[in-house]
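Start from the sequences and build out the full structure, keeping to the hints where you can.
Protein chains: 4
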Amino acid sequence: MDKNRFAVTPPMGWNSYDYYDTTVTEEQVKANAEYMAAHLKEYGWEYVVVDIQWYANDAGTRRQEFQYIPFGDQEMDEYGRFLPSPRRFPSSAGGKGFGPLANYVHSLGLKFGIHIMRGIPRKAAQMHCPIEGYADTADNAADPSSICGWNPDMYGVRAIQAGQAYYDSLIRLYAGWGVDFIKCDDICDSWMYRQVPFSGWEETRMIHRAIEKAGRPIVLSLSPGPAQIERAWEYGRYANMWRITDDFWDNWDLLKAMFPRCELWQDHVKRGCYPDCDMLPLGRVGKGFGAERSTGFTREEQKTMMTLWCMFGSPLMIGAELTLLDDWTLSLLTNRDILKLLGEGRQRCQIRRTDAQAVWKNWDEKTEEICLALFNLADEAQTISVDVQELAEGYDGKETLVLTELWDRQESRQQGRVEAKVPAHGVKVFRIRP
Amino acid sequence: MDKNRFAVTPPMGWNSYDYYDTTVTEEQVKANAEYMAAHLKEYGWEYVVVDIQWYANDAGTRRQEFQYIPFGDQEMDEYGRFLPSPRRFPSSAGGKGFGPLANYVHSLGLKFGIHIMRGIPRKAAQMHCPIEGYADTADNAADPSSICGWNPDMYGVRAIQAGQAYYDSLIRLYAGWGVDFIKCDDICDSWMYRQVPFSGWEETRMIHRAIEKAGRPIVLSLSPGPAQIERAWEYGRYANMWRITDDFWDNWDLLKAMFPRCELWQDHVKRGCYPDCDMLPLGRVGKGFGAERSTGFTREEQKTMMTLWCMFGSPLMIGAELTLLDDWTLSLLTNRDILKLLGEGRQRCQIRRTDAQAVWKNWDEKTEEICLALFNLADEAQTISVDVQELAEGYDGKETLVLTELWDRQESRQQGRVEAKVPAHGVKVFRIRP
Amino acid sequence: MDKNRFAVTPPMGWNSYDYYDTTVTEEQVKANAEYMAAHLKEYGWEYVVVDIQWYANDAGTRRQEFQYIPFGDQEMDEYGRFLPSPRRFPSSAGGKGFGPLANYVHSLGLKFGIHIMRGIPRKAAQMHCPIEGYADTADNAADPSSICGWNPDMYGVRAIQAGQAYYDSLIRLYAGWGVDFIKCDDICDSWMYRQVPFSGWEETRMIHRAIEKAGRPIVLSLSPGPAQIERAWEYGRYANMWRITDDFWDNWDLLKAMFPRCELWQDHVKRGCYPDCDMLPLGRVGKGFGAERSTGFTREEQKTMMTLWCMFGSPLMIGAELTLLDDWTLSLLTNRDILKLLGEGRQRCQIRRTDAQAVWKNWDEKTEEICLALFNLADEAQTISVDVQELAEGYDGKETLVLTELWDRQESRQQGRVEAKVPAHGVKVFRIRP
Amino acid sequence: MDKNRFAVTPPMGWNSYDYYDTTVTEEQVKANAEYMAAHLKEYGWEYVVVDIQWYANDAGTRRQEFQYIPFGDQEMDEYGRFLPSPRRFPSSAGGKGFGPLANYVHSLGLKFGIHIMRGIPRKAAQMHCPIEGYADTADNAADPSSICGWNPDMYGVRAIQAGQAYYDSLIRLYAGWGVDFIKCDDICDSWMYRQVPFSGWEETRMIHRAIEKAGRPIVLSLSPGPAQIERAWEYGRYANMWRITDDFWDNWDLLKAMFPRCELWQDHVKRGCYPDCDMLPLGRVGKGFGAERSTGFTREEQKTMMTLWCMFGSPLMIGAELTLLDDWTLSLLTNRDILKLLGEGRQRCQIRRTDAQAVWKNWDEKTEEICLALFNLADEAQTISVDVQELAEGYDGKETLVLTELWDRQESRQQGRVEAKVPAHGVKVFRIRP
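Residue numbers (my numbering), protein chains in the order written: chain A, 1 to 434; chain B, 1 to 434; chain C, 1 to 434; chain D, 1 to 434.
Please keep in mind that the hints were generated in silico from the structure rather than gathered at the bench.
Relax, there's no trap hidden among the hints.
Each pair may be met inside one copy or between any two copies, as identical chains are not told apart.
Straight-line distance between alpha carbons at most 27 Å, and here's what the computed DSS-like set of lysine-lysine pairs gives: (1) 270 x 361; (2) 3 x 398; (3) 361 x 340; (4) 213 x 361; (5) 96 x 213.
Note that the coordinates shown come from a computational prediction; the quantities given were computed from them, not determined experimentally.
If you want it as structure tokens, here you go:
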């Protein structure tokens, strides 16, 4: 199996976290999947991902104190593998796990994903659970000095045979359910404990191997970020996508901060290998966090976000509750010209970045079609200008360029430079033909 | 209670770790106490300290793999407080804890100490144990993101009322047994996790308060090191001694490295407040580690160690199995002139340090008696020399000084300078009278 | 010479920087000295210090671009030692240096100080100037890889004989002028170049030795800060005062930030050894910076500053132009009760610090007189309270305490605790008698 | 101009540093160029590079004390641009610079390179030299706070118009001489001053722009390393090669350390963009350093070095004095099969690395020819083995592979795996045909 064929373009889908936090239920997942099948699938959206704590029976019950309840009530099989909470995912009862829900999602022509935490449940280690298919127990596979700093559920897995055996048993179970996508958390960046040897690097390799052994093309997505640039080649070797940012939310400072991140990672976007800018907090978000709201981004900022993610080549995961999408948001997610920037054969690079503006180029290797995005990072409108010599080598500045702006579809002609007035925090993105 | 009166000079005693590792038994502790009472007490030695894992029934049984067995078999009361393993400390059976052993040590005219790990047992949190005397449970007092990086037994204690209540209950129990000295581990330096907020600083204050509440003058000793110099005032406020080094063993590199540590901490030795150079790995050590041996230090190095610890003002904790002491080692531990350097009213400072030599001065504030130690840190013998002007302000260099070397008791006279040929890794320490 | 006798209490004086920046002239210095002699001397104020760039003929002429003009017009003798600019200090003409001005200051019963930069002029090295009294040239004493990051005048001095000889020649010259105080800059903290070996540590020792050789009791003050706590013993060995903060100015954030700095250094205030909170930006300041103004501190903040500096034991250097002092500011500088906190035999410690309040205690070792300062660090008025048990060991809480507030002189009686309503950013400081 | 066409494969040449240090002369450069033309040119070797201090008249005269004499005797034109020392490069007399020598090298069918230090001469700033073609002076272009930590010649250049003008004037002069290659030093890594903003990043861009303006295809090589991986995209944008290591010499520890460096940078080797493993210290080296010797590498280590540099795609710069090359060394430099690994259209990646071994693959995109290098990093001979599945996706393990070892030319056949016994520190590199 070549993991670079699991996702030949950046994965596109929906994830439960931004709206539901830890609390999503089967019914809610199905409603979102149905919406996607009906309205988004034709544009390339296909993954439906259940995010963190689906195994917690008490998820959300002490939200004032804890996002993740320490030593809480978790569903686990006898082999120390978390199972969906049957209270929240009724079809999982009787040991069927996510099989029935995955089947349903598949029946809609979509793919099904889940979130896992790196490691083995602390409870499994304390209880000395057996490892399925291997003659050892969880306490020996667990590394009690490797924990997640923000989630109390797991211990890290030792890079020994018992550890690989545990991950093999886990991925085997989840592949058996029909899982197509695994977002593995607490594994991409050890920002909590930078000075201790971080077992996550070894665990990434073990999970990759477990997927290869399981034989199912499961896309492997690593969280949280920021990923470490000095490990760029390693993420690309074992995973399909890796977060280059810590959790992204709907505020301008975070969006502006994504520009240097994309600058940093621009040389690392390749087939099957995607630096990941995180979810799109559009539409309605925040309910599970006790702060339901429409996205805090202005419309200009929303276009900026969609444009940057696509120019750069990031995966796209919608954070909004899909059943509540308004027309504006839907239009953002269904602009074929913009989504085409993610397509096969596209190249991209940053042309310029200052504190006040950024310019990106995205072109088709074969057709030589060029798209140019002028981002205004300042708090006032400004005119942004690029000499045609910066665009591509052939130009001598005398050509008349025919420009199509990809959001408002307006056409214009320019000579010598591409120039536009861009609103504060906004973007103009042009397809250019000589 | 003023904790600075608990120990008006640096504590002196014996600790089970260097010889027994995690495995010491009641019988062995008693034998060492008896030896101390018979041969060392008259020189000021008084503490008998049971080090780490006295609550582990299985301590030492998987020594090839683990010093501390993860998820092992530990003795604990219903309130989540560790108790001595009755297999190893038979007198503790029936819930009597260390009471009978402490009584025995007291009956010899000595004091009794134990080791604890910062925190609350992981098992107690997982089991939701009640806190004695307080209406909450251990899972709420425990901080699942605060662990020790090398010992898997505990979670950190949150700085909330439930946390203080847990520590109060713990110290109350141990004070009730007659404990005089607590060596608290994983609390003095967060070297494992320097970049996360370390709950140990709060826990130090909580334990200090718990001792004050318990009303028993328990000496509080903090481990491991190196302590952080920027917290010097804080250690001194809450504890009696704190380790300025990571674990110290019998090799020259570690001993040589103690010189810059003592340089750094020289202004912080005060009544009731002692930067701690760690145990004296003399005589027979290493049995519990599977490497029983006589100390790896040469005799010159042993004198260097004893002299530095005493010139500087460190606590002295013997690592040797006392019942196996030879005459030479005993003579090191019973040199009254050297031990007197630890006495009340002594001042000390480093005069000079290079990579090759160090010179320290220790004087009596009232009598103005001066002792001068010339340490040879190089691998060859060398002559070390100090101008009398560096000794004290009154000298003009014309006095004839009468010198007594405190190890070989030889007298000599010198003028203008104090100078001596010092063997490699060795020391000459002179008492000086004009 | 024992440098700890040069200043048995924290030095108090005036410094030209806060008002004049680099531009002060002889006439201005004299006017401030005369004011001090007439109105402040009787309260203990005695040093008159000429700060940075007194050797620059062109100081201040390109202030829009540069505070310190690179490769500018500097007055220097043939031995590579800076001399006062005769344009600005006319009495220095003819090679007399600061001798005449120092004489004048002495004639007023005051002491005279100057600022120097660590190092040897870059110009002297480039010109290969001879070293006075030593057979070598400046290019060999200079270390071209050791520079100041913010001032372009000097190279560091190598710790070799030629280097010591240069410093000897420099201090000899300045001692000959009658200099009583040297504020040496770029030497206390290597914050610019933390990862390269910083020659300033060696240079501190060389300057100390040069002062001892010169035989004049020159107070040595080190800048800028924050000094490094791990070098606490070293500053105290070689200098009289050292800055624990970077440049301090009249804004609340900097004043609030001084509380943790004083917490950190509280154990290091000793006779002849003073951690230094930097100048008092009171009254009229900022003219040379192109921003002349009255201090930005509120009156409450000004009292907070004066109280903290005195409770803690910092040197006091007035930044205001003295000839423009108003009555209020003068009253701050002449409160004998507050200034007495700096006196001989005083002890001090912080009792408590949170983000919202700080409590300090300052007591007389012999009389046992206690002063207690309650600082409100919050932006709203609040009541601050201290249990008498925290004050001193003898109290049982039943005594009636007689309190005198040292700013408003009001008396009150309290029992069991000391409590007061304190304005935002303000302080109440009580002298307590049982 | 597209700088990625200046060097479509990694540059290959000779550099004077390893043998001559700072002292090379015109005659010596010519002798090496002549040797290259006669014996190496046909294999692809073409650059002849004069390394550091060619402008110093006194280079090497105080070698016991200084590699670079502070404030020494340097040849400079009136515009503050260094010129070759006419004592050492007689043909440069009369202001002709390196023009005559460059012509001579070109006449041999080779290319000519020089070393420069980032910045503007300190002397030029102190003397306020005019900038050629621009109405300002060197003191204003120089940044007196930006220096090199190990070489005392220069100040950094400010990123202002006067700074760009200085670099333009410099490159214009050097391009006029016929320079084809510039090795710019003190610019690739700010390891001396990591915590200060490093002006070298701006200076890289300014030099790149100056080359574009000069219109001559000058290869730009950046030193020293290790380059910072987070700037990978930036080096590639402005330079042709950049050092990924600090100075490399002939000892095994440095060679072994190159493996993790190559691992780190493996994704960044592209046409016109070459991470640089530094010079090849083969044959006779060290004379100018006072330590003339034959390389300290064993023959196995020499093959390991040549193989790694070529598998990875590093530039190759010979450090040996060419006129003293022995047959063995010459054979290393003229192995066409090995040098072919640097050719156009080659791909490379590391297959595996542990402390004891490394395996690299280098293949031709079009012909699918695969070369596999098995490196033994351990101190004992060992058998190293690679499953054919790891080689390329098509293989099923049943093919008979025909292997040619590229150093000893031996053929062999293997099935299922590629396996070889490899000597300590040695390599076996196989060309593989199914």
